[in-house]
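Novice: Each protein sequence line maps, in turn, to chains G and C. By this note's numbering, the letter at position 98 of the first sequence is numbered 98, and the numbering carries on one by one without gaps. By this note's numbering, the letter at position 8 of the second sequence is numbered 1008, and the numbering carries on one by one without gaps.
Quick caveat, the hints were computed from the structure, so don't treat them as lab data. Fair warning: there could be bad hints in the mix.
Said to hold, decoys possible - Simulated pairs of lysine to aspartate or glutamate, EDC-like, Cα-Cα distance not exceeding 20 Å:
hint, chain 1, residue 1, chain 2, residue 2
1, C, Lys-1073, C, Asp-1236
2, C, Lys-1052, C, Glu-1066
3, C, Lys-1262, G, Asp-115
4, G, Lys-95, C, Asp-1247
5, G, Lys-118, G, Glu-44
6, G, Lys-80, C, Glu-1259
7, C, Lys-1223, C, Asp-1247
8, G, Lys-120, C, Glu-1155
9, C, Lys-1055, C, Asp-1236
10, G, Lys-112, C, Asp-1240
11, G, Lys-88, C, Glu-1234
12, G, Lys-86, C, Glu-1259
13, C, Lys-1223, G, Asp-115
14, G, Lys-50, G, Glu-38
15, C, Lys-1223, G, Asp-28
16, C, Lys-1216, G, Asp-28
17, G, Lys-86, C, Glu-1234
18, G, Lys-50, C, Asp-1240
19, C, Lys-1262, G, Glu-117
20, G, Lys-112, C, Asp-1236
21, G, Lys-50, C, Glu-1259
22, G, Lys-88, C, Glu-1066
23, G, Lys-120, G, Glu-132
24, C, Lys-1164, G, Asp-28
25, C, Lys-1042, G, Asp-28
26, G, Lys-95, C, Glu-1234
27, G, Lys-86, G, Asp-28
28, C, Lys-1055, C, Glu-1260
29, G, Lys-118, C, Asp-1240
30, C, Lys-1053, C, Glu-1234
31, C, Lys-1053, C, Asp-1240
32, C, Lys-1089, C, Asp-1166
33, G, Lys-95, C, Glu-1259
34, G, Lys-86, C, Asp-1247
35, G, Lys-95, G, Asp-115
36, G, Lys-86, C, Asp-1240
37, C, Lys-1262, G, Asp-23
38, C, Lys-1223, C, Asp-1078
39, G, Lys-50, C, Asp-1247
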Amino acid sequence: MSTFVYMTRCDGCGHCVDICPSDIMHIDENIRRAKNIEPNFCWECYSCVKACPNHAIDVRGYADFAPMGHSVRVRREEEKGTISWKIKFRNGTTKDFVSPITTKPWGKFIPKLADGEKVKQGELNSQRLYTEPEGLNIDGELPAVPKESFKKGVYY
Amino acid sequence: MLETNPFSLLSEVVPTVVMQGFIIAMVLLIAFGTIIQMIHHKNLTYFFNNAKKAKLQATREVGAAEKAKIIAKTTVYDIGTTSELGFGKRRLAHVLGMYGTIIFWIASAMLVFCYTGADKTSSTLWSMLWHVGAILTCVGGFWFWFFLRVDVSAEAHPWYRIIKADLFVLALLACSTFGLAWSYTQFNGQEGLSFLFFALFVVSNLVLFGGVYWSKFAHMFYKPGAAIQKNLAEADGSRDNLPPPADAPEQFGLGIKREEPKHY
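Whole structure, please, built from the sequences with the hints as guidance.
Specialist: Dropping the structure here:
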């Protein structure tokens, strides 16, 4: 269920742009409000939905779960440490859920990404993902499949 | 310089009635641009449809007195202090720019209509307000332009990258900056520069008010409407489909306070 932005509620603060792990939340060039530029690539992590201070981002439900007329909305209350979801089905049934924002001790384990080491251009151009290979707990280099071992044919 | 009415010196060259006509034309341009934009973007249709939907989902009736109270509170707090921007630099810059612009425009109209002309007296207060308004607009606007714009702060674009959304803020900044420069050079008798800055001041006004249809100018009319609708929806229980506030104590403090979006 990808996300979308209500333009009337968005104030262009950039929190969703900042937090999106898929880098698909961007700022519209005409109105300087956030938008999901590629819903098909949405990981459905809802980080942007939860991070939005203006409740401007919603979830577009799958057709089998919540077809036209549905709504999936979230209210994040930092001072209470809670996150509430309201699911409204097409037939009018509503369900409310309240959860703690995280189960980790409050105020700890917040990654200080800004204080981290600056990314080098070589790392950006590399095929490797962040912290690879050391983050995979493997010895040495990443395993590679020799090209000669590929069968002939079309690969997708 | 701050106590001098720049339009008074100008009236020796440009008739007062032309200046008054220019201001009226600018007001008409705002109205025309906003109406055309509303028709084209269907903003009003969207707002009214939303209001109708909210009314159907309301769980309680909001009386006229309560409605008036909510609207008054929204106007004073939400709109008057742009509370949607939270507490921080963006809000401060917006408040500076907003009040600076309002003061600048009101003072411009007052100076041209009431204190400019052969038989008119001068007003130190309105002249001061005109300059202070322009300075406040410049402080808030340039702060926003160079450091706080979301495409600069969160998307890591350079400050000199100009997009369509910048039309409003750049035209506004040009008006205030060229207005101040014109007033300064005119006061010091630098005729050539004074004429140049005055011409740029007029052009930037034409771009600002003539570009309402294409720019974000009309957000100053839409945003208050959206804020009032949001607060009325909270009061009548429809809440724009949002869940109710969680029934939990405020126990976790600021441990999870969000950070500035600067992690690109």
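Novice: Which constraints among the numbered hints does this structure fail? Numbers only, ascending.
Specialist: Going through the list in order, the structure violates hints 5, 7, 10, 12, 13, 20, 22, 27, 28, 29, 33, 35 and respects the others.
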